[in-house]
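Colleague: Residue-level listing of the chains:
Number of protein chains: 2
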Amino acid sequence: MTTNDQNRQFESSESDILNQILNARRDVRGNRFLSTPIPQTELDKIFSAALCAPSVGFSQPWEFVTIEDITVRQKIAESFRLENEKAAKLFQAEKSNQYQQLKLEGILQSPLNIAVFYNPQKGPVLGQTSMPDMGRYSVVCAVQNMWLMARSLNIGIGWVSILEPERVKDIIKAPANRELVAYLCVGYVDKFYDKPELETLEWQARKKAEQVILKESY
Amino acid sequence: MTTNDQNRQFESSESDILNQILNARRDVRGNRFLSTPIPQTELDKIFSAALCAPSVGFSQPWEFVTIEDITVRQKIAESFRLENEKAAKLFQAEKSNQYQQLKLEGILQSPLNIAVFYNPQKGPVLGQTSMPDMGRYSVVCAVQNMWLMARSLNIGIGWVSILEPERVKDIIKAPANRELVAYLCVGYVDKFYDKPELETLEWQARKKAEQVILKESY
Chain A
0 MTTNDQNRQF ESSESDILNQ ILNARRDVRG NRFLSTPIPQ TELDKIFSAA LCAPSVGFSQ
60 PWEFVTIEDI TVRQKIAESF RLENEKAAKL FQAEKSNQYQ QLKLEGILQS PLNIAVFYNP
120 QKGPVLGQTS MPDMGRYSVV CAVQNMWLMA RSLNIGIGWV SILEPERVKD IIKAPANREL
180 VAYLCVGYVD KFYDKPELET LEWQARKKAE QVILKESY
Chain B
0 MTTNDQNRQF ESSESDILNQ ILNARRDVRG NRFLSTPIPQ TELDKIFSAA LCAPSVGFSQ
60 PWEFVTIEDI TVRQKIAESF RLENEKAAKL FQAEKSNQYQ QLKLEGILQS PLNIAVFYNP
120 QKGPVLGQTS MPDMGRYSVV CAVQNMWLMA RSLNIGIGWV SILEPERVKD IIKAPANREL
180 VAYLCVGYVD KFYDKPELET LEWQARKKAE QVILKESY
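If you're matching them up, the sequences are chains A and B in order.
If you read the first sequence in numbering that gives the first Met the number 0, its first letter stands for residue 0, the second for the next number, and so on.
If you read the second sequence in numbering that gives the first Met the number 0, its first letter stands for residue 0, the second for the next number, and so on.
Just so you know, not all the hints are guaranteed correct.
For identical chains, the list gives no copy identity; a pair is met inside one copy or between any two copies.
DSS-like, lysine-lysine: derived pairs with alpha carbons at most 25 angstroms apart [to be verified]: (1) Lys214 <-> Lys102; (2) Lys207 <-> Lys85; (3) Lys207 <-> Lys168; (4) Lys214 <-> Lys168; (5) Lys206 <-> Lys194; (6) Lys207 <-> Lys194; (7) Lys121 <-> Lys168.
No wet-lab data here; the hints were simulated from the structure.
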């Protein structure tokens, strides 16, 4: 069987490897990134993973902007700083203190950023007529594919969402109709943590399967 | 190295297997599903994949309702029929004819459906303060993990989005604040197609990488 045989049956050992990749994927922040550049061959694999994501009505409504320019990234980092300052005030006293000690992005520490946009299609999209968010969800599926492929290449990704989307669009000259879905920091790391950092720091507890999986109805 | 070692380095052969799974994943509709039940061990693996998805602020805002009851699924299928009838009218003459010939769901043909909800958290969520859709996007990441794990177990998933979300909530008695993100049909298949069906049928053309990957800015 070749890699082009999409009807191929996978072995349980292959499913196990997927399970290991899924479990080893982490959100990486600036305290773990190395400045080592990402080889183009590896970046190609990450984008190839994005482009085979599912998309509603095969609309492929995604766009990716790779950003290395440090002056551009400094402007993005400034948007993070402003938004993060506002965010810290939304949490109660003790939680707000803990919040302010967290490192939540790696915009400047990682060698590469990727801004991911939703490009809405003109006219109706098959499968999106009753649920208008489906196009945005397709873009998210592409991001998750990238994240997993990166991890399998031992490359870390951090998804930064504490940004003013319109400011990001402005900085990288995105057309008015585009919507920022994700802003990714990409780079090799000194280590991947065993658990999500917010779990280790007891910011929020892990939910049990039986709390979130229901049978037949609520 | 064990599966519990999250810092583990993956080999290129392991990354290749992920690439094969990503490429072999398909959206499966009713004409390909077999009625063979899904063993609980396999379903557990699919949910385990969901629960290690990334979530904004470790909020884990997902809920999954497994649906086997045929009378419930008949009600869901009726919502699909109504929404699909409306949808067909939105496309132009020739496209509308083609639309009406497509098989777009496998609600009754698959042995298992899973409704996936976003359960918004009370109070602020870390990482969601500037981009309110982040919780919904976390749920989508969980769905993509499920889809990939299912494919690695040679199980197909079809994502049905031609449904009235409030009607689905009503049918399975979801609390008012929950939001339907995805409705999945799950089952073994007689075959996985080589390409997305909508690509083969020339509903929409595949975009080239250079159309959607930009350097530094628009």
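Colleague: Determine for every hint whether it applies to the structure shown.
Modeller: Taking the hints in turn, this is what the structure says about them:
1. Lys214 <-> Lys102: Answer is neither: 39 angstroms inside a copy and 27 angstroms across each miss the 25 angstroms cutoff.
2. Lys207 <-> Lys85: Neither way: Lys207 and Lys85 sit 32 angstroms apart in one copy and 40 angstroms across, limit 25 angstroms.
3. Lys207 <-> Lys168: between (38 angstroms within a copy, 23 angstroms between copies)
4. Lys214 <-> Lys168: between (43 angstroms within a copy, 14 angstroms between copies)
5. Lys206 <-> Lys194: Intra 14 angstroms, inter 37 angstroms, cutoff 25 angstroms: intra-copy only.
6. Lys207 <-> Lys194: The answer is within: 15 angstroms in one copy meets 25 angstroms, while 37 angstroms across copies does not.
7. Lys121 <-> Lys168: within (20 angstroms within a copy, 29 angstroms between copies)
Of the numbered hints listed earlier, those contradicted by the structure are 1, 2.
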